Amino acid sequence: MATVVSAAAPQQEGEKRQDGEERTSNASRTLRAFRATPFTYATLIVVSAILSMPLVFVVSIALSSDQTVNTNTFTIFPTEFHWENFSRVFGTDLPMGRFVVNSLIISVGSVIGQMVSSGLVGYAFARLRAPGKNALFLVVIATMMIPTQITMIPQFILFKDLGWVNTYLPLIVPNFFSNAFNVFLVRQFVSRLPNQLDEAAMVDGLGFFGIYRRIMLPMLWPVLIAIGIFTLTYNWGDFMGPLIYLNDESKMPLALGVQYITTTGVPGQPPPWNLVMVGSILLTLPMIAVYYLGQRYLYEMDISGGSAGVK
Amino acid sequence: MAMSKLRRREALWFYVFVSPWVIGFLVFLLGPMISSIYLSLTDWDSFTPPKWVGLQNYIKLLTDDPVFWKALGNTFHYAAISVPLGLLVGLWLANLLNKQVRARKVFRTLIYLPTLVPLVAAALVFRVVLAPSGPFNDVLGLVGISGPQWLLDPTWVKYALILLSVWGAGSATVLLLAAMKGIPQELYEAAEVDGAGPVRQFWSITVPHLTPVIFFNLVMGLIAAFQVFSQVYILTPKASQPGTYNASQTMVPFLFDQAFSYYHMGYASAISWLLFAVILVFTLLAFRTTRRWVFYETEVK
Numbered sequence: 001m002a003t004v005v006s007a008a009a010p011q012q013e014g015e016k017r018q019d020g021e022e023r024t025s026n027a028s029r030t031l032r033a034f035r036a037t038p039f040t041y042a043t044l045i046v047v048s049a050i051l052s053m054p055l056v057f058v059v060s061i062a063l064s065s066d067q068t069v070n071t072n073t074f075t076i077f078p079t080e081f082h083w084e085n086f087s088r089v090f091g092t093d094l095p096m097g098r099f100v101v102n103s104l105i106i107s108v109g110s111v112i113g114q115m116v117s118s119g120l121v122g123y124a125f126a127r128l129r130a131p132g133k134n135a136l137f138l139v140v141i142a143t144m145m146i147p148t149q150i151t152m153i154p155q156f157i158l159f160k161d162l163g164w165v166n167t168y169l170p171l172i173v174p175n176f177f178s179n180a181f182n183v184f185l186v187r188q189f190v191s192r193l194p195n196q197l198d199e200a201a202m203v204d205g206l207g208f209f210g211i212y213r214r215i216m217l218p219m220l221w222p223v224l225i226a227i228g229i230f231t232l233t234y235n236w237g238d239f240m241g242p243l244i245y246l247n248d249e250s251k252m253p254l255a256l257g258v259q260y261i262t263t264t265g266v267p268g269q270p271p272p273w274n275l276v277m278v279g280s281i282l283l284t285l286p287m288i289a290v291y292y293l294g295q296r297y298l299y300e301m302d303i304s305g306g307s308a309g310v311k
Numbered sequence: 001m002a003m004s005k006l007r008r009r010e011a012l013w014f015y016v017f018v019s020p021w022v023i024g025f026l027v028f029l030l031g032p033m034i035s036s037i038y039l040s041l042t043d044w045d046s047f048t049p050p051k052w053v054g055l056q057n058y059i060k061l062l063t064d065d066p067v068f069w070k071a072l073g074n075t076f077h078y079a080a081i082s083v084p085l086g087l088l089v090g091l092w093l094a095n096l097l098n099k100q101v102r103a104r105k106v107f108r109t110l111i112y113l114p115t116l117v118p119l120v121a122a123a124l125v126f127r128v129v130l131a132p133s134g135p136f137n138d139v140l141g142l143v144g145i146s147g148p149q150w151l152l153d154p155t156w157v158k159y160a161l162i163l164l165s166v167w168g169a170g171s172a173t174v175l176l177l178a179a180m181k182g183i184p185q186e187l188y189e190a191a192e193v194d195g196a197g198p199v200r201q202f203w204s205i206t207v208p209h210l211t212p213v214i215f216f217n218l219v220m221g222l223i224a225a226f227q228v229f230s231q232v233y234i235l236t237p238k239a240s241q242p243g244t245y246n247a248s249q250t251m252v253p254f255l256f257d258q259a260f261s262y263y264h265m266g267y268a269s270a271i272s273w274l275l276f277a278v279i280l281v282f283t284l285l286a287f288r289t290t291r292r293w294v295f296y297e298t299e300v301k
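Chains D and R, in that order, are what the protein sequence lines are.
Number 127 in the UniProt record's numbering belongs to position 127 of the first sequence; there are no gaps in the numbering.
Number 153 in the UniProt record's numbering belongs to position 153 of the second sequence; there are no gaps in the numbering.
Calculated directly from the structure, the hints in this document are not laboratory data.
Predicted model, so just to flag it, every value in this text is computed and none were measured.
Do not take every clue at face value.
Stretch-level coverage of chain R by chain D, calculated; a stretch enters the list once three of its residues show a Cβ under 8 Å from a Cβ in chain D [claimed, not checked]:
#1 17-31
#2 36-50
#3 110-121
#4 126-133
#5 252-258
#6 276-289
Computed far set for chain D versus chain R, every beta-carbon distance over 10 Å [to be verified]:
#7 Q67
#8 I112
#9 Y168
#10 A200
#11 L206
#12 P218
#13 R296
DEER-style ranges, computed between Cβ atoms [stated by the list, open to error]:
#14 D:F86 <-> R:Y296: 48 to 56 Å
#15 R:W203 <-> D:T264: 47 to 55 Å
#16 R:L26 <-> D:D66: 50 to 58 Å
#17 R:T48 <-> D:S87: 48 to 56 Å
#18 R:P154 <-> D:F39: 33 to 41 Å
#19 D:S65 <-> R:E189: 56 to 64 Å
Heads up, the beta-carbon is just placed ideally off N, CA and C, and yes, glycines get one too.
Generate coordinates for the entire structure from the input sequences, incorporating the hints supplied.
Next up, the structure:
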């Protein structure tokens, strides 16, 4: 699923760990002659302001009254503070609470699926010996090149025949079969772990599954959590998948639901932008939280772009 | 003998462990791929049995479907501007942040924050930001430019999509900034002794060292740009804006429409293979050119 698209983001996340090392090289950097001039600051301030403008505007719209929405008289900075909009979306007006629950079901199910399956598959590719293993791994890598659009239609037909359309299953179940990029990450991670422990466990007669469960799994957490973050981010924000498979408003995740409510209003009247923006904020805040909480796991893992594929 | 028994057990466990991927590969990838090749050679509405038409879908797409060519052209237009522009802006901002800037973390956070906003939320926000009397045109008005109707004017709607993509230049900024930190300081010190100014140092030291990262982002960015969907679907809803619909039409929304609005499953499958071909050609072209401009330190050492 989404091999190409989702592969890009994790790669970039991984690269950021080098950023965490900047503190250590501070001493040497003071030698640098490039001082920031007033012009540098002016440019940075203007650029930051322009880039932040849409975010400020979202907050301003979210706090607007219905009157402001209907007359389309928004201001960049908030001038009115209708905090009740944040509770209104959970009231009878809109099924926003339902959207959030649906998003959680789909995202958490997908995260569990990827963590369980990618760990097993990646470990096997890194440690176990078997005829045909290298050829199979080449196939894994090759699948990263296939765009999802190729398989989209037959997959839709498959899930339709299974009677899974308008359920969460088409969005969750494929994640239990791992994906090439995550398998690659786990394999790289495991190959860098010392193998004395699993060899000792082998001598002690622990089976292969026992080794995985008792020895490997406890060491795999950093990479599994990183995979969890990528999977969560992708599925929380995924729009096309739910758009294809879910028709009932009551089953839609937030990413689809919040768009859906812009299309269902009274013809000729603007969508309820204030409530839509509250929904957009609800969609965005968890991603910011996940990024800041998860950052250290992404840093901890040595999957910097340099080793994972830039070259 | 005991060894080979252990080896066989190990191989058996290997295949047990990788079975989730193998099953997934067969059921969700290889099977659908074969089926997609077949479907692309048929006329099928997904309700009645498929009708074999041979290469007719491909011929019609390439010779007799102006919307396909429009979508392809728009996709190129979008990719050719948004990807290099995003990288250039990223390079520019990373270079600014790489100086001795106070409150660098604050600037970096503000520049990176937009990339954490899910695409759907970002697209919805931009629908309002780029409205005729929206804040973007207000800001343009401050400097004396009267902004166009971004989302309604066929000539400007593509640039609305490009603006949205450049809003996310923070991810390239952070990546390039991280790569800049990795450049050995001795090089700059040596250059300074030799009398090279900041500009010369930027082009002769910084940029060559960043080419692997730039290349990686260029390829990934192009692949993603060819598959642009949600932004187009959300920024230019066709029901309300029929005029701009084809002006902003790109490959994946076109495919999506053919498949799920008109149930032209065979035709849509053919589009997906042409899209794959386009992505493949551009990826290979990018790799072909690497020798000429991508600099790997390991090659020197």
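Against the structure, the hints:
1. 17-31: Our answer is that it holds, as 12 residues pass the Cβ test (under 8 Å) against chain D, meeting three.
2. 36-50: Holds: 3 residues of the region 36-50 of chain R have a Cβ under 8 Å from chain D.
3. 110-121: It holds: at least three residues are needed, and the region 110-121 of chain R offers 10 whose Cβ sits within less than 8 Å of chain D.
4. 126-133: holds (count 6)
5. 252-258: Three-residue rule met by the region 252-258 of chain R, so holds; n is 3.
6. 276-289: holds (count 4)
7. Q67: Given a closest Cβ separation of 16 Å, the condition holds.
8. I112: holds (13 Å)
9. Y168: holds (16 Å)
10. A200: holds (16 Å)
11. L206: holds (12 Å)
12. P218: holds (17 Å)
13. R296: holds (16 Å)
14. D:F86 <-> R:Y296: 48 to 56 Å: This hint holds: roughly 51 Å between Cβ atoms.
15. R:W203 <-> D:T264: 47 to 55 Å: The hint (47 to 55 Å, Cβ to Cβ) holds, given that W203 of chain R and T264 of chain D are roughly 53 Å apart.
16. R:L26 <-> D:D66: 50 to 58 Å: The hint (50 to 58 Å, Cβ to Cβ) holds, given that L26 of chain R and D66 of chain D are roughly 53 Å apart.
17. R:T48 <-> D:S87: 48 to 56 Å: 50 Å Cβ-Cβ, so the 48 to 56 Å window holds.
18. R:P154 <-> D:F39: 33 to 41 Å: Given a distance of about 38 Å, which is inside 33 to 41 Å, the answer is holds.
19. D:S65 <-> R:E189: 56 to 64 Å: holds (60 Å)
Of the numbered hints stated above, none is contradicted by the structure.
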